[in-house]
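J.: Got chain C sorted already, so can you dock chain S onto it with the hints?
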Amino acid sequence: MSIRAATPAKQAPFPTSWHSQLRIMDNLCLSIKIISHHLKQATDQSQKTDIEKVQTALQRGLITFMQKELKANGYTSDIMAEVLLPQDNAGDPLASDHYTFGILYLIQDLLTSLDHSELHNVVINNTLKIARATTDSLVQSKAFELLACMSRKADIGQTTSQLVEQCLEYEEWPVETRDVAAIQWELMSVKALQMEQYLKRVRAESRKLGDWAGAMVSIPTHIHMHW
Amino acid sequence: MVSSDALHALAHPNEHALMLYLQCLVSILRLLSLHASLPGSGTVTSTFVQSVYTRVNEYRTQYVEDKDAEAEDLDAEDFNSEFLFTYALDIISAMPSEGVFLRDLLDKVGTMSCLSSWVILLCNRNDLLNVWLLNVS
Numbered sequence: 578m579s580i581r582a583a584t585p586a587k588q589a590p591f592p593t594s595w596h597s598q599l600r601i602m603d604n605l606c607l608s609i610k611i612i613s614h615h616l617k618q619a620t621d622q623s624q625k626t627d628i629e630k631v632q633t634a635l636q637r638g639l640i641t642f643m644q645k646e647l648k649a650n651g652y653t654s655d656i657m658a659e660v661l662l663p664q665d666n667a668g669d670p671l672a673s674d675h676y677t678f679g680i681l682y683l684i685q686d687l688l689t690s691l692d693h694s695e696l697h698n699v700v701i702n703n704t705l706k707i708a709r710a711t712t713d714s715l716v717q718s719k720a721f722e723l724l725a726c727m728s729r730k731a732d733i734g735q736t737t738s739q740l741v742e743q744c745l746e747y748e749e750w751p752v753e754t755r756d757v758a759a760i761q762w763e764l765m766s767v768k769a770l771q772m773e774q775y776l777k778r779v780r781a782e783s784r785k786l787g788d789w790a791g792a793m794v795s796i797p798t799h800i801h802m803h804w
Numbered sequence: 003m004v005s006s007d008a009l010h011a012l013a014h015p016n017e018h019a020l021m022l023y024l025q026c027l028v029s030i031l032r033l034l035s036l037h038a039s040l041p042g043s044g045t046v047t048s049t050f051v052q053s054v055y056t057r058v059n060e061y062r063t064q065y066v067e068d069k070d071a072e073a074e075d076l077d078a079e080d081f082n083s084e085f086l087f088t089y090a091l092d093i094i095s096a097m098p099s100e101g102v103f104l105r106d107l108l109d110k111v112g113t114m115s116c117l118s119s120w121v122i123l124l125c126n127r128n129d130l131l132n133v134w135l136l137n138v139s
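Chains as they are written, first to last, in the numbering used here: chain C, 578 to 804; chain S, 3 to 139.
The hints are simulated quantities; they were obtained by calculation from the structure and are not laboratory data.
Note that CB positions come from ideal geometry on N, CA and C, so glycine has one too.
Be a bit skeptical, because a hint or two may be false.
Said to hold, decoys possible - Ranges between beta-carbon positions, derived for each pair: (1) S/Gln52 x C/Gln743: 49 to 57 Å; (2) S/Leu33 x C/Gln598: 16 to 24 Å; (3) C/His615 x S/His37: 15 to 23 Å.
This is chain C alone, in the form it adopts within the complex:
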C-alpha cells in the first residue's frame, strides 16, 4: 500500500492563520543553528561557556514554544504524561494538522544538523506521542519521517528505531491503523536513506565543481612569475 493510498485527499492551499507563529519558530530554530555554529568555532573556554548558556536558553525556549503550540493544537505538552488524544475543541482541525506538520518540518530540519542534545530527547518523545495520537495521515507520516531521520543519526539512531518499533505495537490502534503506520515508517525510513544518499552525491558534485572553478580562477604560475 502506498502512502497516497493510506492518506486521505488533502486540501490545498494551506490556511494562513498559523503562519506568523511558524515564522517565529523558524527564527528560533535559525538562532539555534547560528549559536551551534559559533559554539563549534569558539576556542576560548569562557566564550564557549557563554555561548553554551545562550544555546541552552534558546533550546529551552524552543521546547517551551513547541510544547505550548502543540498543546494549543490538541497535543499533550507534558512529555512525562501518558498519551492524550487530540482535543475536539482545538479549533480548525485542518489548520491544526497543517500547523503541526509545519512544526515537525522545522524541528526535523533543525535536529538533522545538530549534535545530540536534550532537545533531541524531548522532540523524539513528543514526536512519538504525535505519531500515536494524531488522526491525520499527513501529520503521522511527517512524524515518522522525523523519527526516520533521527534513526539515521549515529548517536541516537538505534534508540530511536527501538522506540518506534515499540510505538508500532501500540495496542490501542486497530489492526488497519497499525498496518498503515508500519508502512509509513518503512517508506519514511527508505526516504530518509535516499535523501541522505542524494545529499551526499550533491555535496560530492558541488565539491568537484568548486575544485574546477578554483582551478579556472587561479593564476597560472608562469604568469605570476612575469609579474
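T.: Frame of chain C; chain S shown alone:
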C-alpha cells in the same frame, strides 16, 4: 533562483532535487526578508515582491499539475514540497516592502496626530492638564 526559470531548468526533477531547491529558495527568501527589514539596507519594492510571488505561485501550480498527472506512479506522496511552496509564498507575503513602510509611517503620523490633539485639548483645559501631569509624575 526565482527570476530565472530555475525549476524548469531541472528537467523532470525528482522529489529530492525539488525539495533541495525549495529549501534553498526558502532560505534565500528568509535572508531577503531579514535584509529588507534592516534599517538603511534599502527597500524591496512591492512590484518586485509581487513578481516573485507570481513566479513561485506559477511553479507551485505547475508542480501540483505534474503531480496530479503522475499520481498513479507515485509510491510515496511528498508533502514537504507542498509545504515548502506554501511557506515560501507566506514569507514573500510577509516581506516588508515600501507599502509596509508607508503604512507604518502613516500609522506613526496618525498616532502623532492623535497625541497632538490630546495635547491641544489638555493645554486648553488647565485642570485636566494638571491632573494628567500629576498622573505622569
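J.: Look at each hint and say if it fits the structure.
T.: How the hints compare with the structure:
no., hint, result
1, S/Gln52 x C/Gln743: 49 to 57 Å, "51 Å, holds"
2, S/Leu33 x C/Gln598: 16 to 24 Å, "21 Å, holds"
3, C/His615 x S/His37: 15 to 23 Å, "20 Å, holds"
The structure meets every hint from the earlier list without exception.
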